[in-house]
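**Q** Residue-level listing of the chains:
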Amino acid sequence: MQGLRKAYGAHVAVADASFEVHEGEIFGLVGPNGAGKTTTLECIEGVRQADGGSVAVLDLDPARDVYALQPRIGVQLQQAHLQKRITVREAAHLWAALYARPAADADHLLTQLGLAEKRDAWFMTLSGGQQQRLFIALALVNDPEVVFFDELTTGLDPQARRTIWDLVRGVRARGKTVFLTTHLMEEAERLCDRVAVMDRGRVVDVDTPARLVARHCPDRTVVLATPDAAARALFEGIPGVTRVDGREGRYTIDGRREDLTTAVIQCVAAHGLHVTDFQTVSPTLEDVFLALTGHSIRD
Amino acid sequence: MRGLWQLTWLELKIFLREPMGALGTVMMPALAFFGASLAGNSIAPARFGSSEFARVGLPVLAATLMAISAVLSLVTIIAVYREGGILKRLRATPLRPVTIVTAHVLVKLLLTAVTLVVLAVLGRRAATPPPGASLVSFAVALLFSTAAILSLGFLLASVVRTARFAQPFGALVLYPMLALSGVFVPVDSLPRALQAVAQVLPLTHAVALLQGAWTGVAWSAQLVHVGALVVFAAASAVVASRVFRWE
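Protein sequence lines, in the order shown, are assigned to chains A and B. With my numbering as the guide, the letters of the first sequence map in order to residues 1 to 299. With my numbering as the guide, the letters of the second sequence map in order to residues 1 to 247.
It is possible that part of the hints are untrue.
[Said to hold, decoys possible] No more than 20 Å apart at the CA atoms, straight line, and that leaves these computed lysine to any residue pairs for SDA-like:
| id | chain 1 | residue 1 | chain 2 | residue 2 |
| --- | --- | --- | --- | --- |
| 1 | B | K13 | A | T125 |
| 2 | B | K13 | A | V66 |
| 3 | B | K88 | A | V66 |
| 4 | A | K84 | B | E247 |
| 5 | A | K84 | A | Q131 |
| 6 | A | K118 | A | E145 |
To be clear, the hints were calculated from the coordinates, so they are not data collected in a lab.
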């Protein structure tokens with residue numbers, strides 16, 4: 001995808017978004033609500049027409065070849081629902097009937113997603129997590145090559161969220177490419193192989209979570225406790241340490257080197273310091289977002 | 001049209017799971033007709049002209065109201081599906097708007113047929129078709145008219161944004177048509193300008209077709225109405241699938 005652009009009237013939802021998704025990976029589009037993630041996703045799925053830029057999915061143009069694309073992709077949409085009184089099994093079988101090449105067995109799919117017991121329940125009686133699992137099943141029913149998930153775990157409790165993460169990893173394990181959007185940085189960090197960070201309609205950087213952290217947040221922090229009065233001066237002497245903050249025997253050591261932890265441990269060992277507590281604080285994608293955009297994702 | 005039969009069957013089942021909806025759609029027109037025909041019979045001898053209405057007008061009016069209620073119900077269901085994000089989810093599948101709406105049209109036609117049977121049983125004595133006409137021919141005319149007017153419903157359903165607005169909007173478009181359709185006043189007796197308007201309204205041709213079927217007019221003499229309804233249905237369906245809103 002290159003230079004995607006989409007405006008609704010005067011409101012520019014996507015100003016400039018470019019990235020490439022590799023086969024067989026879980027790719028995450030992350031950013032706060034209103035960043036343009038869903039609009040970008042819907043342009044890729046062929047649900048929406050972009051105003052500018054070029055998109056290719058499986059070598060097809062989603063705007064022009066949407067009917068050729070649809071059988072090859074699976075989609076879960078944000079804020080979508082089904083008929084209140086449709087049963088889980090009816091939905092799965094209807095979806096299977098819509099595609100020329102359905103997956104092996106819709107009932108088996110429901111069992112894999114833990115919906116076997118709910119297969120005769122009406123959609124309206126399902127919990128949020130169960131509804132999302134049904135939508136995952138529907139997205140997989142046509143045995144797609146690429147699966148799109150839009151804010152898959154929003155509104156779910158942590159337990160249900162973890163279950164969904166495992167299911168998404170299971171989708172990747174079947175050799176499918178997964179493209180998802182999320183405003184949860186923790187979700188992106190734990191689930192995605194690579195992420196594109198999006199803010200105010202622009203994709204600001206794309207890489208693996210670890211490389212994004214290394215690139216934009218090179219600072220490392222070690223927090224340790226020691227009663228030794230000489231400690232502060234020793235820590236300040238470590239090469240690359242930028243700041244030592246400490247009172248009452250508890251020190252926060254900031255440094256601009258990836259092996260700060262090793263350096264601090266060597267220092268402690270060399271001087272025989274008595275250490276009663278030791279923690280490392282690693283920057284997360286939230287810190288990356290702050291560094292890239294100048295504002296917190298929660299603003 | 002892949003998935004049409006599965007979707008139609010499913011939508012019928014889903015509809016019947018809502019007991020009030022099913023009961024209201026099938027039983028209300030039947031009960032209204034039954035009540036009205038009893039009243040019509042008792043006042044018929046006393047007033048000039050009312051017996052003619054009871055003989056031809058009442059069955060045709062009942063049939064037309066059935067068609068309209070089917071259309072209103074179609075518009076509302078599609079609007080509810082739009083508002084609830086159901087259409088949005090269906091959009092990302094190979095389903096086309098015309099398939100989705102056709103499934104609902106088939107469900108409505110089936111329910112109209114069921115209502116018709118109930119009506120025929122209940123109203124056997126109150127309104128018997130005159131010699132030369134048959135209930136079968138009237139039923140065919142009704143299903144045909146309903147299908148044609150449902151395509152107008154498809155058009156309304158394509159553009160109505162909210163479910164709350166769907167019912168009044170549909171009624172606003174459909175009920176005024178009744179006044180010009182020839183159910184109450186023959187179209188010939190309207191002012192010339194209104195006659196011209198009446199001629200382009202689908203309901204006018206539906207009513208004429210129903211009246212003809214009820215009074216035993218041969219189908220060969222009704223071709224103009226059949227043709228008008230077909231043209232109208234095709235035109236609405238084409239426009240509707242172009243302006244169809246998914247959300």
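**Q** In ascending order, which of the hints set out earlier in this document are inconsistent with the structure?
**A** Of the numbered hints, 2, 6 do not hold.
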